[in-house]
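K.L.:
One line per chain: the protein sequences are V and X, in this order.
Be aware that the first sequence starts at 1, since it is given in UniProt numbering, and climbs by one per residue.
Be aware that the second sequence starts at 1, since it is given in UniProt numbering, and climbs by one per residue.
To be clear, the hints were calculated from the coordinates, so they are not data collected in a lab.
Yeah, the Cβ is synthetic: ideal placement off N, Cα and C, and Gly gets one too.
Keep in mind that the hints are not guaranteed to be accurate.
[As the list claims (entries may be wrong)] Part of the chain X face toward chain V, derived, beta carbon under 10 Å:
1) S8
2) D38
3) V40
4) P88
[What the hints assert, rightly or not] Away from chain X, derived, C-beta distances all over 10 Å, residues of chain V:
5) D132
6) D225
7) T226
8) E243
9) F257
10) A288
11) D299
12) T314
13) K343
Below, each chain spelled out in residue letters.
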Amino acid sequence: MSTPSPLHEVHQSLGASFTDFAGWSMPLRYGSELAEHKAVRTASGLFDLSHMGEIAVTGPQAAAALDFALVGTLSKVKPGRARYTMLCAEDGGVLDDLVVYRLADEEYMVVANASNAATVVAALTERAADFDATVTDRSAEYALIAVQGPTSAEIVAAVTGATLDGLKYYASMPATAAGHDVLLARTGYTGEDGFEIYATAAQAPEIWAACAERGATPAGLACRDTLRLEAGMPLYGNELTAELTPFDAGLGRVVKFEKPEFVGRAALEKRQETDRALVGLRGEGRRAPRHGYSVLDADSAQVGTVTSGALSPTLGHPIAMAYVPAALSAPGTALTVDIRGAKAPVEVVALPFYQRPA
Amino acid sequence: MSNPQNLSYTEEHEWVDAADPAAATVGITAYAANALGDVVYVQLPAVGDNLTAGQPCGEIESTKSVSELYAPADGEVVEINEAVVDSPELVNTDPFGDGWLFRFRVAGDLELLDAERYAELTKEEG
């Protein structure tokens, strides 16, 4: 039996289709996922992300513990700011990608993918053992509501009464939403301007309603996936796995060798040079390359594998991300994807596929 | 959406209107369309193709998934719905009407479910 979100009844009343995701029952879509996708690109979508893991790391050595446990330098993040980072294994493989908020000098919140939350809690607890820091899994207490899209700032300003001009991308601040104390962050996974509101489970329905009343369109996990794909953002389990390092995924910038010892350092130093590359592929027609399909070279030899793909709702043509040899990763390179036996021509293109208008 | 009483159904969530066995119409049910999500690509058999009951004869692709289309009976394809090829969303907006997929001349036996049996099937699958 999967865990219902604190907003389950709201979703039911909206006629949502549900999907089991990492032990949670979450809304896949409310009506048309293409309409929901478009709402996020042109106005605003309203997402329930309560399945995400929220892990508090607190104490005098919270910063030092995270510097040791993660590949980034979290001690350099100022209170009120956030950082995209990763948890790696000793062998350098990615165990999860994370957003870490520094809420105060001695207080961090680590946001983990639902499917990896237990792994992250266990790894942080073990890695923080020699530090004066406490790791607490607070996932069950938190609901997470995201408002994403070009009109999200207006909606969130109206719901919170806050002035958002000073809230930069990857920053957070305490706020009041629908009368409740929440943590408001300017973060997201859609390629649009957007906000994430961390609240208690009991507060979530009123905050959701306030956002919906001001015009945010309920949007499910189906469109969240096509939105992040268009934005070229990796998804754990597709582009990121325990077999791959951040360098393989083209995200080596998150690894900070200039800091002292951290878990995975020795292996990551050796695995910096990689002969594979994560690339964008652009296809023709309407048939999309999908997760697991083979990428072929001009001689029909398999040279890579598709990690994610879809017919791009915004662009109208197939897009995909794939791992290919570095030698075949230059934009403009012509490749082929085996789409269930049919050889579909694709071209390597720069990521992201979509960038919001400046 | 309720399943029209005048149609027959398969366990693969297709409907068949066999009022004219020389040109029986095939589509997918509203239940199937809803489960797939927004349909973005439809690959249909060609006119003249011979169908074998239960064998794949095309594909329906949504944003998130790919499903095979199965021949509901033996026969020969006599017409395809060009409109649904150009506008796959018809499968979602009007699955029992403008979203029909192809017509075929029924050659073998039609072993299909009536609307009541099909409703039970979808209830079991939840």
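K.L.:
Does each hint fit the structure? Answer for all of them.
P.N.:
Going down the list of hints, with the structure as the test:
no., hint, verdict
1, S8, "violated, 26 Å"
2, D38, "holds, 4 Å"
3, V40, "holds, 5 Å"
4, P88, "holds, 8 Å"
5, D132, "holds, 46 Å"
6, D225, "violated, 7 Å"
7, T226, "violated, 6 Å"
8, E243, "holds, 25 Å"
9, F257, "holds, 39 Å"
10, A288, "violated, 7 Å"
11, D299, "holds, 27 Å"
12, T314, "holds, 12 Å"
13, K343, "holds, 15 Å"
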